[in-house]
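A.B. asks: Anchor point for the sequence shown: position 17 equals 62 in the numbering used here, and the numbering is continuous, going up by one each time.
Hint data in this document are derived by calculation from the structure and do not stem from the laboratory. Note that the Cβ used here is the ideal one computed from N, Cα and C, for glycine as well.
Each pair of labels, with its calculated beta carbon distance range:
(1) Ser225 - Glu249: 18 to 24 Å
(2) Asp236 - Gly333: 35 to 41 Å
(3) Gln256 - Ser212: 27 to 33 Å
(4) Leu267 - Arg425: 18 to 24 Å
(5) Arg89 - Thr335: 35 to 41 Å
(6) Lys294 - Pro239: 49 to 55 Å
(7) Thr335 - Pro239: 38 to 44 Å
(8) Arg264 - Gly333: 26 to 32 Å
(9) Gln143 - Leu267: 37 to 43 Å
(10) Asp105 - Thr335: 49 to 55 Å
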Amino acid sequence: MNAQACAHGMGHDLVVPRWPALQLDDVETILQAYPQAGRPLDLRWHSPRPFSSAALVRTDRTELFVKRHHHRLRQAGDLAEEHAFVKHLARHALPVPQWLQDQSGHTARQVGDWACEVQYVAEGEDWYRDRHSWTAYRSTREAEAAGEALAQLHVAAADFVRPPRRSRLLVNNFRLFGASGTLTALQAELDVRPALADYLAPREWRQDLQQHLLDPYQRQLLAQLPSYPALWTHGDWHGSNLLWRTTPKGPKVQSILDFGLSDRSFALFDLATAIERALIPWLDLDEGGTTVAELDQLDALLHGYTRVQPVTAAQLRQLACLLPLAHADFALSEVEYFAGIAEDPASADIAYHRYLLGHADWFGSAEGQRLTAHLQTMARRAA
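Use the sequences and the hints to build the structure in full.
C.D. replies: Structure representation (structure tokens):
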């Protein structure tokens, strides 16, 4: 298979992408609206990320990152919400993407069936370019640097006051599983989420959610989770969404990328997501292997985070209870995406059985209990 036509699938293997790869003539059409972009000369790299098409583009003026989303998943207005958050972080001196503006001053535009965005290439080395989500950092020092950068993002985001994203597709939040009445709330949403409704209709989904997620984990979590201040968060924090540099004091995050899953949640949820995305080798579990959490990297990530933002003993206990549910809202959204927009029922089944239910079940295993016990021990020491 041509490397330019591959995407990350639901396992370790590369697959044929759902969305057609960008071609030079596609990029020429997109860049016509950006006078400062120059004329595209060639495409230097195609991103393997599965939910959009993206490429590094060399023009006669500069190098750009061009990204294209199908309108059923993202429209220009959806991208504008994301861009507003990132521009806010830039005003707080965070190293985040910078978008080109078209002739009307917009950073996102609709081109036929596609919502398109064009970024200047961010600074830093892409040490994790070919790695999947759900793979660990290369070292504890990089995990520590990632934790520090995440805390800096949370500080900068504190005064960004905007409503949640309009889209419920492939954004990361804790709306359904972070409050009681999850089953009733989900049932009420199914009228406006027809692809998810059709997928769930022949399944005992209420029983599944109750048995695998709500009974084992939610009651204990809600008993001790306070009402945290709402905060727009990154939602997809792992090594391949960061660019890096080497300093005399060790690795540092040079740029923060890919805010496509960002939404309003709260800081502890984003920290739980950062652990879930990078420190548990889920792809090994999904393929029948051993899944052992990276506890040394967990310690390092939390150490880096607390250099900027304190994490109390109570928050460490809450984090241990939050982790088994942190993936759940997004997993349902993946089911909806694969069942509806991508028209990929096999991947929808994987998202439902292996991701939504299976990852929760892992926290009841010996290795899952080892991870949460480790956080509880940290909480006792902090107290």
